Amino acid sequence: MSDKDIDKLSGVETTGHEWDGIKELNNPLPRWWLWTFYGTIVFALGYTIAFPAWPMISSATTGVLGYSSRAALDADLAAAKAAQGDMLQAVATTPVADLPRNEALARFARAGGKSFYKVYCSQCHGTGATGSAGYPNLNDDEWLWGGTIEQIYATISHGARSPTDPDTHYNVMPNFGVDGLLSAQDVDRVAKQVASFSGIEGGEASPAGQQLFADNCASCHGESGAGMPELGGPSLNDHVWLYGGTLEAIRAQVNRPRHGVMPAWSARLGDTAVRQLAVYVHSLGGGQ
Amino acid sequence: MQADSADTQTYDVEAVNAAGRRQPLYAPRKKIFPKRASGQFRRFKWLVMLITLGIYYVTPWLRWDRGPFAPDQAVLVDLANKRFYFLFIEIWPQEFYYVAGMLVMAGIGLFLVTSTVGRAWCGYACPQTVWVDLFLVVERAIEGDRNARIKLDAAPWSAAKLAKRSLKHVVWLVIGVMTGGAWIFYFADAPTLLGDVVTLRAPFVAYATIALLTATTYTFGGLLREQVCTYMCPWPRIQGAMLDENSLTVTYNDWRGEPRTRHAKKAIAEGKPVGDCVDCNACVVVCPMGIDIRDGQQLECITCALCIDACDDVMTRLGKERGLISYATLSDYSRNMALATRGGPAVEPARVRDPATGRLVAAIKRTDWHSIIRPRTIVYFIGWSAIGLAMLTALALRTPLSLNVLHDRNPLYVELRDGSIRNGYDVKVLNMTPEPREVRLRLDRLPGGSLSLADSGTATSGSLDLTLAPDKVLPLRLYVRVAPEALPAGKTTFDIVVADEKAGISRSVETTFEVPEQRR
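Residue numbers (my numbering), protein chains in the order written: chain A, 157 to 444; chain B, 216 to 735.
Pairs of lysine to aspartate or glutamate, EDC-like flavour, derived with a Cα cap of 20 Å:
id	chain 1	residue 1	chain 2	residue 2
1	B	706	B	725
2	B	643	B	725
3	B	383	B	358
4	B	580	B	536
5	B	643	A	259
6	B	480	B	569
7	B	717	B	650
8	A	270	A	254
9	B	717	B	680
10	B	687	A	259
11	B	643	B	715
12	A	270	B	623
13	A	270	B	641
14	A	274	B	623
15	B	245	B	510
Rather than coming from a laboratory, the hints here were simulated on the basis of the structure. These numbers come from a predicted model, not from an experiment.
Next up, chain A with everything else stripped away, as it sits in the complex:
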């Protein structure tokens, strides 16, 4: 060991390092700093014993406290569910028609329905529930299967043309053109007749078209094309069109109709979730 090199000015030992005549003083670390450092070491040792820490070949040490982040998450979820228990119970037992009238219950159901909507419904009906061609807009006042909260509840519950639910809404329109039920000329006539109901460009009412409509369409769509929600017959005399509101689109629909399908959600989400969804959809502005 070489002699200690003491700095004359401060009386402190130097580290022996020297740069351009400047030497580094070897001041000890502050005691509080050292003790904090030792404290962290002790804490780290205790921590790795108490909690899962060391990676092994196929898993990791479990820790003596038996803590697991998944178990903690499960516990949190269970606690959240339990906290909502009373409200969920109330939603499940209140008649659907009364749900919007109870302000606290409606707010709870709407919030829950909104989050279910974002997960399960927004893919087809859009995040703003505006729908798109073939997928109904849920904000407007046109309803294929009725717009009261009970009707909405029934539609979400059993779906539309759902193959898994015997109570599903089911109604299909014949392929008037493709199956040869109407001649091409008649298809054109009836399409023009329908277009004339709401003043669509190219629409043209004619006695022949009137007759064709009365014979083939009125049983589902009504005499004047006002629709029959109880049968799922869309109204044809307004400005809301599921498959496009042009003469071309109407002709295509008469020729070979398209039909939307919606799953029966109560089997998948449970009755309470469907009730919440019904409250949410009903509140979007078109509910009757």
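Following the hints, position chain B against chain A.
Leaving out everything else, chain B in the frame of chain A:
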């Protein structure tokens, strides 16, 4: 007339940081036993203590009648309901700019005060100073003044010492509990909360706050005292930077005090120059910071001016002019110093004294109140009062009715069966008075527009009558509907108006109505 220093008591004391032996960064605490001072500054400090502590302890108990729907506490920070009540003013969370304005005023006010009278905040008004002063009063009342306390501190433990010490700490803790206790009453109805606290029914946070503030008051005011100012407080560093040569600071006028001597008569007989300072250390023993002001301005000095009181007392007894230690500006001090030394290295008392009368010569520059009026302080004052006036104006013109409107973005519009277009809005109507209120909501500048609420089904009309609950926000889901072809495609601006016709107040918010470009 030149009285000898034998006429006055000389103290054996050393300043905690005497010049030449200053410790870097941190020095272990030395015990300080401040002696009781008396004089004009001490009286002023008593007065400030009375006022500040009075405000702090009494304010939550003042009542203010706001009618049946609002609390009747004059000053209340109602965190649960997000309201702040201050006398006739009621502030909502979105009006937090009033608080921001107060903080800016406090900042500029600190500039103003510091640039005129130096660290007056530290010496008189700072809570730390006020509570330390209060704790010292208790200490003196129980253990006696300086000498008795030193004796007691040095004495071995006995029943009497134990009793005195225990009593002192108990009283300190009681003051701490009252301090913490007063704090929580600002956040809830004071009489109710006091009942709850006493019967152990108050929320946990109330007890935690009392405990925390008791601990800090007791520790800072009783145990740490001047160390808080020296080592913990950031203000001295900032305030020191705000002083200039025209700011008043506590100054030892060494141009008349030096050379200091304890045996003036003997020195005069020997023909040596003699200054006014008799080196009695009275200024050191009264200092709550334990410093010696004769070492010049220093970080620890809180400019409480107790040394001025002590020195003036001595000077009076010696038959000399008061003000050997005084509030003085650096520029005046430098002029007097130049006069006393006239370029030489040492102070010559003969230069500042008239040999015939023994009084200070007329050429001495005395600091007076005019020093506080300078361009810098005027600018601070204008800035400070401008913000204050702006806030008062805003308060006077404030309408207690407010309206927020948010147009839906998804969907922007909805086309309905009859071809009309509907837009949705989230509307919030704020009734910022403690009374219920009848208002009418209507549309302006929107031809053919009708409105309806989401909850009330399909009924639409041109206006809606609403009842606002007192002091509450009414959130509404509003649908506005326009008949087909009444509006051009694209964006139309219009107003949503809420009006209280009885009070003659209305608020309107401009928003837009969206109509699709492509219409069938």
